[in-house]
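Asker: Given the coordinates of chain A, work out where chain B should sit on it, guided by the hints.
These protein sequences, in sequence, are chains A and B.
Under my numbering, the first residue of the first sequence carries the number 1, and numbering increases by one thereafter.
Under my numbering, the first residue of the second sequence carries the number 1, and numbering increases by one thereafter.
Bear in mind the hints are in silico, worked out from the structure with no lab data behind them.
Mixed in with the good hints there might be a few duds.
Where chains are identical, the list cannot tell them apart; a pair therefore holds if satisfied intra-copy or between any two copies.
Said to hold, decoys possible - Think about it this way: if two alpha-carbon atoms lie no more than 20 Å apart in a straight line, the pair counts; the simulated EDC-like pairs of lysine to aspartate or glutamate are:
#1 256 / 201
#2 16 / 230
#3 328 / 121
#4 152 / 199
Protein chains: 2
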Amino acid sequence: MTRPRFSFSIAATDGKARTGTLAMRRGDIRTPAFMPVGTAATVKAMRPAEVRTAGADIILGNTYHLMLRPGAERMARLGGLHDFMGWDRPILTDSGGYQVMSLSALTKMSEEGVAFSSHIDGSKHMLSAERSMEIQRLLGSDIVMAFDECTKNGATRDEAALSMERSMRWARRSRDGFDAGADHAERSALFGIQQGALDEDLRLRSAQMLTEIGFDGYAVGGLAVGEGQEAMFATLDFAPNQLPADRPRYLMGVGKPDDIVGAVERGIDMFDCVLPTRSGRNGQAFTWAGPLNIRNARFAEDRAPLDPRCPCPVCTTWSRAYLHHLVKAGEMLGAMLMTQHNIHFYQALMQTMRDAIGEGRFAAFVRAFRADYRRA
Amino acid sequence: MTRPRFSFSIAATDGKARTGTLAMRRGDIRTPAFMPVGTAATVKAMRPAEVRTAGADIILGNTYHLMLRPGAERMARLGGLHDFMGWDRPILTDSGGYQVMSLSALTKMSEEGVAFSSHIDGSKHMLSAERSMEIQRLLGSDIVMAFDECTKNGATRDEAALSMERSMRWARRSRDGFDAGADHAERSALFGIQQGALDEDLRLRSAQMLTEIGFDGYAVGGLAVGEGQEAMFATLDFAPNQLPADRPRYLMGVGKPDDIVGAVERGIDMFDCVLPTRSGRNGQAFTWAGPLNIRNARFAEDRAPLDPRCPCPVCTTWSRAYLHHLVKAGEMLGAMLMTQHNIHFYQALMQTMRDAIGEGRFAAFVRAFRADYRRA
Numbered sequence: 001m002t003r004p005r006f007s008f009s010i011a012a013t014d015g016k017a018r019t020g021t022l023a024m025r026r027g028d029i030r031t032p033a034f035m036p037v038g039t040a041a042t043v044k045a046m047r048p049a050e051v052r053t054a055g056a057d058i059i060l061g062n063t064y065h066l067m068l069r070p071g072a073e074r075m076a077r078l079g080g081l082h083d084f085m086g087w088d089r090p091i092l093t094d095s096g097g098y099q100v101m102s103l104s105a106l107t108k109m110s111e112e113g114v115a116f117s118s119h120i121d122g123s124k125h126m127l128s129a130e131r132s133m134e135i136q137r138l139l140g141s142d143i144v145m146a147f148d149e150c151t152k153n154g155a156t157r158d159e160a161a162l163s164m165e166r167s168m169r170w171a172r173r174s175r176d177g178f179d180a181g182a183d184h185a186e187r188s189a190l191f192g193i194q195q196g197a198l199d200e201d202l203r204l205r206s207a208q209m210l211t212e213i214g215f216d217g218y219a220v221g222g223l224a225v226g227e228g229q230e231a232m233f234a235t236l237d238f239a240p241n242q243l244p245a246d247r248p249r250y251l252m253g254v255g256k257p258d259d260i261v262g263a264v265e266r267g268i269d270m271f272d273c274v275l276p277t278r279s280g281r282n283g284q285a286f287t288w289a290g291p292l293n294i295r296n297a298r299f300a301e302d303r304a305p306l307d308p309r310c311p312c313p314v315c316t317t318w319s320r321a322y323l324h325h326l327v328k329a330g331e332m333l334g335a336m337l338m339t340q341h342n343i344h345f346y347q348a349l350m351q352t353m354r355d356a357i358g359e360g361r362f363a364a365f366v367r368a369f370r371a372d373y374r375r376a
Numbered sequence: 001m002t003r004p005r006f007s008f009s010i011a012a013t014d015g016k017a018r019t020g021t022l023a024m025r026r027g028d029i030r031t032p033a034f035m036p037v038g039t040a041a042t043v044k045a046m047r048p049a050e051v052r053t054a055g056a057d058i059i060l061g062n063t064y065h066l067m068l069r070p071g072a073e074r075m076a077r078l079g080g081l082h083d084f085m086g087w088d089r090p091i092l093t094d095s096g097g098y099q100v101m102s103l104s105a106l107t108k109m110s111e112e113g114v115a116f117s118s119h120i121d122g123s124k125h126m127l128s129a130e131r132s133m134e135i136q137r138l139l140g141s142d143i144v145m146a147f148d149e150c151t152k153n154g155a156t157r158d159e160a161a162l163s164m165e166r167s168m169r170w171a172r173r174s175r176d177g178f179d180a181g182a183d184h185a186e187r188s189a190l191f192g193i194q195q196g197a198l199d200e201d202l203r204l205r206s207a208q209m210l211t212e213i214g215f216d217g218y219a220v221g222g223l224a225v226g227e228g229q230e231a232m233f234a235t236l237d238f239a240p241n242q243l244p245a246d247r248p249r250y251l252m253g254v255g256k257p258d259d260i261v262g263a264v265e266r267g268i269d270m271f272d273c274v275l276p277t278r279s280g281r282n283g284q285a286f287t288w289a290g291p292l293n294i295r296n297a298r299f300a301e302d303r304a305p306l307d308p309r310c311p312c313p314v315c316t317t318w319s320r321a322y323l324h325h326l327v328k329a330g331e332m333l334g335a336m337l338m339t340q341h342n343i344h345f346y347q348a349l350m351q352t353m354r355d356a357i358g359e360g361r362f363a364a365f366v367r368a369f370r371a372d373y374r375r376a
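One chain only, chain A, in its complex shape (with noise of 0.2 Å):
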């Protein structure tokens, strides 16, 4: 039997938040989803067999970090990101548009695309919306995102719109682009990605724009970057309704448990973030009560658990007191336990607020939540 190339199905909803399933060719994801980050082909201290066994449906790749190393056209001469790497279920990939105005060195922007000099090795390189679709499709992307330009926080509302309606120029290349490489396209999906910083009527028309462009699922993007939690929320009180019902919405790069969990209540229902594995690496764990430095001395001794309503391999075997010793140590494999558990939880996260909506006590759940969760 073949599996669909895109089906999302809604099973339940509970006042915004919604659970079902995005049925893909390389399996199902379970919304709401949380996709581990894999930048470099990696979800960073993790096998891919333990990224699965965690939870995750799909993981995310990085096509800036890619397209520089190993490189696109390598990748695909290897067979493809997910024979290189040993993940066989869906992978989404972003458009490389964020990170490289992030993280290389000598930018130049125009309306074809953004230059620039690699933070390898300098080498220049040129990553446009037509670029972007090529380096996905050559990655063997399931999910591919739209090419955009995330807008500054803190830009004013006509940098904001200028900003705005340069990426839905360009989500209209990358539906083009996308289209044309047409056996990728027939077995993988593209999102389309909303703008506008956190103005409604700006959110409003790019959302106009990218549903008559037409796209598998829509990102609502431009968030998570330093507005602060209560923006965030109040900008997302709006812009998922902005979006087609019936097709998933994908907050890109969110976030700490309470983001997310207050994300999904405003109707998201797909999330990456580094958080769990750049924290882990770190020395910090999330649990239900909130998260902990397993470097404080205070855990020199104790022999419970990370979280002890976590029933992760890690938390089923070694104490905070091994794991404070591993990463003050400055063991790896501290560092690929606090990872561990941290992606487990992230998974459980995810799959109790699944239950809950499926069950329709998703209020419930959010408030006792809120109660046992201490922010840092």
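Answerer: Chain B in isolation, oriented as in the chain A frame:
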């Protein structure tokens, strides 16, 4: 059924090579055995289950590192090294004598022992035969090593004699100190360490003194300290024979695959070395054709596994091209997978030798190994 404290049985010999089983409370150790090094309560970049799956029956812990961090008394309060790190099979601990001289600062050696400052925080410590036995008891070691002085490479005969004689006095004190911890002594074993540099007479006197004291097993110490393979093998032509034939013989800190094969040929039963783990982190893989450096540009598009003859989880899943990418990008997963392969390779080498000795074809194995294996 209670398992034995310590029972060594030789199932077969082939020339000087022997294969057998060392049975202990926490499990059997198949010999010849390679013990991965778990310096700071972790085999670097490996979970205990992965070390076990690779075929290891026993690992090594470092008294020097553990006495400084997390500390021996703290480890005892936390339930001992096995519980702490999640490894329930035998652990051999060294005495700390070698590392205190090579790693710590401001050492002052006397007949009593070694006073030193921690390389971590400069704190003052004393290590003696009695304290080493106490620390290894607090860690919960299964095989305790006598406290000795590792004679420096290049020592004169007189220096080597004086050093060896001091080690033999410390061996006596180690025996007494070990026996004084009666509860622990009933569940663990004590090994003596032969010294005497490259000198046959000194080695013989050392072996006689150790045998007179009486130990469960005997280590050949003071080799692999820069003397080179030829001198090491020349010493191993006589040293193991000087030790009791019915007791396990352990060559400390060895070594490269071809060192190990030559030592098994000369009657050694046990090995430990940081090479498979340390080399793995540095991008070197061991294969049946010899070591390879995965950073080499010729691997960038090589879709073959690290070693086509290796059935390990790394070689059956990922290509040289992927490992090349990970290591070049400085990704932790690169170190994890290279280490995992190397530990598997070392264990496969030991299993292959055990089989060959058991089937009386060890000489043929050694010829075939040397024909295929190109030293770097």
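Asker: Against each hint, give a clear statement of whether it holds in the structure.
Answerer: Evaluation of the provided hints:
1. Taking CA atoms no more than 20 Å apart as the test, residue 256 paired with residue 201 passes in neither setting, with 27 Å inside one copy and 68 Å between copies.
2. Within a single copy, residue 16 and residue 230 get their C-alpha atoms as close as 18 Å, which meets the 20 Å cut-off; across copies the closest is 75 Å, which misses it.
3. Only between protomers do residue 328 and residue 121 lie at most 20 Å apart by alpha-carbon distance; the minimum there is 12 Å, versus 33 Å within a single protomer.
4. With identical chains, the CA atoms of residue 152 and residue 199 are at most 20 Å apart within one copy only, with a shortest distance of 13 Å there and 74 Å across copies.
When the structure is compared with the earlier hints, a violation turns up for hint 1 alone.
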